[in-house]
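Engineer: Protein chains in written order, with my numbering: chain A, 1 to 461; chain B, 1 to 461.
If you are wondering where the hints come from, they were derived from the structure by calculation, not from laboratory data.
Accuracy of the hints is not assured; some may be wrong.
Given that identical chains are not distinguished, each listed pair holds provided it fits within a single copy or across any two copies.
Said to hold, decoys possible - Straight-line alpha carbon distances no greater than 16 Å define the calculated EDC-like cross-link-like pairs of lysine to aspartate or glutamate that follow:
1. K106 to D391
2. K330 to E36
3. K449 to D65
4. K330 to D260
5. K106 to E352
6. K330 to D386
7. K179 to D434
8. K106 to E240
9. K359 to E99
10. K179 to D437
11. K359 to E256
12. K330 to D65
13. K359 to E398
14. K330 to D314
15. K359 to E300
16. K106 to D127
These are the residues of each chain, in order.
2 protein chains.
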Amino acid sequence: MAVHNESIALQGRLTAILGDRVTTNVNIRDQHGHDEGYRLGQSPDIVVFPDTTNEVSAVVTACADLAVPMIPYGVGTSLEGQVMAPNGGVCIDLSRMNEVLQVNQKDLDCTVQAGVTRRQLDQYLRDQGVFFPVDPGADATLGGMAATRASGTNAVRYGTMRENVLGLTVVLADGRVVKTGGRARKSSAGYDLTNLFVGSEGTLGIITELTLRLYGRLEAISSAVCSFGVLSAAVDTVIETIQLGIPVARIELLDEVQMDAVNRYSGLRYPVAPTLFLEFHGTRSAVAEQAELVGSIAAEHGGSNFQWARDEQDRNALWRARHDAAYACKALRPGCEMWPTDVCVPISRLAECINQTRKDIDQSDLVAPIVGHVGDGNFHVVIVLDTDDRDEIQRANELNERLIERALSMGGTCTGEHGIGLGKREHLVHEHGDAVDVMATIKQSLDPKNLMNPGKIFMDS
Amino acid sequence: MAVHNESIALQGRLTAILGDRVTTNVNIRDQHGHDEGYRLGQSPDIVVFPDTTNEVSAVVTACADLAVPMIPYGVGTSLEGQVMAPNGGVCIDLSRMNEVLQVNQKDLDCTVQAGVTRRQLDQYLRDQGVFFPVDPGADATLGGMAATRASGTNAVRYGTMRENVLGLTVVLADGRVVKTGGRARKSSAGYDLTNLFVGSEGTLGIITELTLRLYGRLEAISSAVCSFGVLSAAVDTVIETIQLGIPVARIELLDEVQMDAVNRYSGLRYPVAPTLFLEFHGTRSAVAEQAELVGSIAAEHGGSNFQWARDEQDRNALWRARHDAAYACKALRPGCEMWPTDVCVPISRLAECINQTRKDIDQSDLVAPIVGHVGDGNFHVVIVLDTDDRDEIQRANELNERLIERALSMGGTCTGEHGIGLGKREHLVHEHGDAVDVMATIKQSLDPKNLMNPGKIFMDS
Chain A
1 MAVHNESIAL QGRLTAILGD RVTTNVNIRD QHGHDEGYRL GQSPDIVVFP DTTNEVSAVV
61 TACADLAVPM IPYGVGTSLE GQVMAPNGGV CIDLSRMNEV LQVNQKDLDC TVQAGVTRRQ
121 LDQYLRDQGV FFPVDPGADA TLGGMAATRA SGTNAVRYGT MRENVLGLTV VLADGRVVKT
181 GGRARKSSAG YDLTNLFVGS EGTLGIITEL TLRLYGRLEA ISSAVCSFGV LSAAVDTVIE
241 TIQLGIPVAR IELLDEVQMD AVNRYSGLRY PVAPTLFLEF HGTRSAVAEQ AELVGSIAAE
301 HGGSNFQWAR DEQDRNALWR ARHDAAYACK ALRPGCEMWP TDVCVPISRL AECINQTRKD
361 IDQSDLVAPI VGHVGDGNFH VVIVLDTDDR DEIQRANELN ERLIERALSM GGTCTGEHGI
421 GLGKREHLVH EHGDAVDVMA TIKQSLDPKN LMNPGKIFMD S
Chain B
1 MAVHNESIAL QGRLTAILGD RVTTNVNIRD QHGHDEGYRL GQSPDIVVFP DTTNEVSAVV
61 TACADLAVPM IPYGVGTSLE GQVMAPNGGV CIDLSRMNEV LQVNQKDLDC TVQAGVTRRQ
121 LDQYLRDQGV FFPVDPGADA TLGGMAATRA SGTNAVRYGT MRENVLGLTV VLADGRVVKT
181 GGRARKSSAG YDLTNLFVGS EGTLGIITEL TLRLYGRLEA ISSAVCSFGV LSAAVDTVIE
241 TIQLGIPVAR IELLDEVQMD AVNRYSGLRY PVAPTLFLEF HGTRSAVAEQ AELVGSIAAE
301 HGGSNFQWAR DEQDRNALWR ARHDAAYACK ALRPGCEMWP TDVCVPISRL AECINQTRKD
361 IDQSDLVAPI VGHVGDGNFH VVIVLDTDDR DEIQRANELN ERLIERALSM GGTCTGEHGI
421 GLGKREHLVH EHGDAVDVMA TIKQSLDPKN LMNPGKIFMD S
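Using the sequences and the hints given, assemble the complete structure.
Structural biologist: Written out as structure tokens, the structure is:
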């Protein structure tokens with residue numbers, strides 16, 4: 001907002017809509033100008049806190065009239081700068097829109113406002129015999145998870161946000177409110193707008209409500225952990241498990257560096273070796289059979305120390321170690337930031353991709369454990385970064401470039417679940433070529449003034 | 001093509017591209033002007049038979065230059081007029097593009113040309129330890145199945161084309177060739193163009209290649225059939241089964257009229273009552289456990305005659321009866337056409353919706369069995385229609401209108417798997433309201449001259 005008068009005019013209009021839920025407080029603006037990535041923040045000019053879809057629509061209409069950029073914001077757990085404001089503008093914080101609107105146990109669906117977080121929904125559903133499976137680790141909002149097409153540890157069984165959002169309410173760039181999808185389990189009624197908005201990172205409109213698939217709570221859950229002499233043996237175990245159709249719910253890989261970090265951080269004594277963490281869902285006997293089958297596949301591949309955690313306490317301890325992987329990384333170098341990269345390759349290339357990447361990390365003289373949602377071929381190199389060291393940042397950048405190039409050359413993608421944001425716009429072009437022009441054409445048709453989260457996904461905006 | 005000279009010019013250009021794979025033969029044109037719906041055909045002016053994506057691109061460029069409509073065609077098994085040519089133009093028959101290009105067993109994916117049919121792919125994969133699950137009944141092409149977002153009997157476990165297409169090659173309205181998605185199991189790289197083209201019925205571009213998810217062949221499959229005193233008991237059995245997370249692979253409902261037809265047609269003696277056909281996939285013991293669990297749920301709801309078919313011969317006999325349901329309907333009135341309607345509702349409303357519809361059918365004095373993919377809440381009223389009887393057509397139309405209205409009022413959709421085509425354009429507006437404007441904006445941006453399958457999905461084109 002270069003012109004001061006326009007800024008005053010906009011503040012006036014926003015205040016007329018939202019009263020005191022409009023702020024230019026510098027701390028609040030700065031807090032909204034960065035996410036959990038390592039980049040320096042870029043703050044919006046104004047932050048607003050709407051309570052309803054209609055208020056979001058009124059805010060968008062006001063911003064559109066004055067051609068001011070709009071950035072939707074949940075809780076700021078994105079990793080590629082999705083919430084940053086490189087062109088200033090109005091940050092639309094949806095965290096007050098945190099109501100669970102409807103739960104339909106029989107139909108296994110629910111409708112929530114976009115600001116409901118994953119844990120909040122989990123808590124809400126706890127006594128209702130149902131659960132929502134997508135778990136990206138962070139306690140992100142469901143609106144934000146949809147916007148970045150998030151997934152996480154149990155996508156191998158339950159899919160990502162792509163498979164688990166049935167419908168959306170979206171405020172478009174001109175303030176119109178549309179509903180996409182619906183409560184039917186499947187539909188062939190016209191274009192799949194739901195999946196166009198899922199993953200669009202706020203560049204096509206602002207998601208204000210979501211209808212989500214739920215799943216019945218399971219009779220039994222059990223977990224297991226197993227270590228391997230070489231990484232390819234762990235990956236081959238996963239490939240065979242999935243080919244056999246064993247419906248494993250989680251299957252996570254931690255490399256030896258990550259296991260060392262986990263041991264140090266959590267005071268554990270796991271072997272410092274490539275390790276699989278697994279979880280099985282189903283009836284008691286199905287879970288037992290699955291664990292047994294995977295155990296024997298693992299044994300054939302030289303897996304050892306297969307530990308099975310049937311009761312909740314053991315299971316929680318095991319997954320706590322997995323979930324603490326990020327903190328364990330950070331503890332390796334106190335005061336440093338984490339930069340989790342994010343590629344995904346066809347699983348037949350995964351061992352090769354990780355092995356080459358491990359060599360590359362070692363040669364780059366960086367501290368960077370590897371952790372992966374291995375059932376999907378998705379893995380993260382968690383670079384522990386001294387952001388004051390420009391040389392180190394440069395080496396990290398180069399490592400990331402080579403990693404993405406490697407993944408693309410193997411038929412993979414530059415991002416499995418973190419999205420494009422500011423960080424991967426060139427890589428998107430590298431990966432999708434002319435298809436990015438098609439994306440840009442759609443963006444232009446729905447947001448001709450380029451006001452919806454400008455600068456994200458596309459290079460030229 | 002009103003202007004004769006232009007038609008000659010176009011034929012010349014097409015012949016230069018395809019040689020003798022261009023025809024104006026009236027029989028071939030007529031054959032390409034209708035699908036398996038009951039509507040009178042509308043023939044294209046020219047039919048072409050490209051062999052490659054590049055040839056499709058050249059054909060599209062030629063048609064675009066002369067502003068001639070293009071209609072993609074697989075094998076013509078659509079049901080809502082998707083392949084008809086209300087504005088004439090060039091039918092692009094993709095049936096010669098029937099090569100399986102790549103199968104990756106380890107990654108559980110394959111890439112095929114759009115003209116490969118479902119059964120052809122099934123045959124091709126038979127000895128490779130993998131299978132593609134989506135089965136709409138008809139031996140449709142995979143390109144056509146993607147274009148209409150088809151599904152069928154085992155969507156309840158494996159999803160629809162929406163969940164099972166990983167990537168596409170598409171020829172756009174101006175002849176550009178783009179690739180969407182890829183072989184990674186998941187990706188957050190930009191807009192989900194794959195799912196924009198899946199279900200777009202050829203109105204945004206022509207699908208020429210598809211990368212599909214595959215699944216490992218299962219150790220054991222077993223089937224079961226069970227009849228119920230009242231329909232709601234069958235539906236409640238399904239609801240409980242799904243809530244318990246029992247991964248049933250197929251769960252089909254046939255109403256008493258359909259069962260009577262099946263008995264007559266196939267010389268069987270099933271009880272004339274609402275009946276569930278089920279299938280279980282997994283390990284031997286998992287399948288046994290699933291069947292037992294569902295059997296006891298069914299028993300609690302008064303299900304009787306629970307027959308379990310473990311060996312392949314029994315199983316095939318059972319599913320043959322289900323698959324012959326359509327022919328059984330047709331045999332009820334020799335010489336008549338079938339009009340299968342297609343709605344989908346939240347499963348909690350399914351029994352109510354089917355019961356009201358059954359009453360409506362009886363009052364309309366129509367012959368119309370009901371068969372449903374009940375795990376998804378999707379069902380078809382198969383109206384057996386004397387197309388020479390205008391009064392009967394009118395009654396059938398009115399029945400369909402009321403059925404759709406009923407489904408929408410229950411939070412459902414006007415089509416679960418057949419698509420919009422020519423037949424449901426008004427219903428699409430009724431269902432999705434302003435969101436249809438968003439679809440039209442996208443259509444306009446990618447096909448500004450409205451040449452890609454014009455008249456389908458949208459009213460005003």
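Engineer: Compare the structure with the hints numbered earlier in the document and write down the numbers of the violated ones, lowest to highest.
Structural biologist: As far as the earlier hints go, 1, 9, 12, 14, 15 are violated by this structure, in ascending order.
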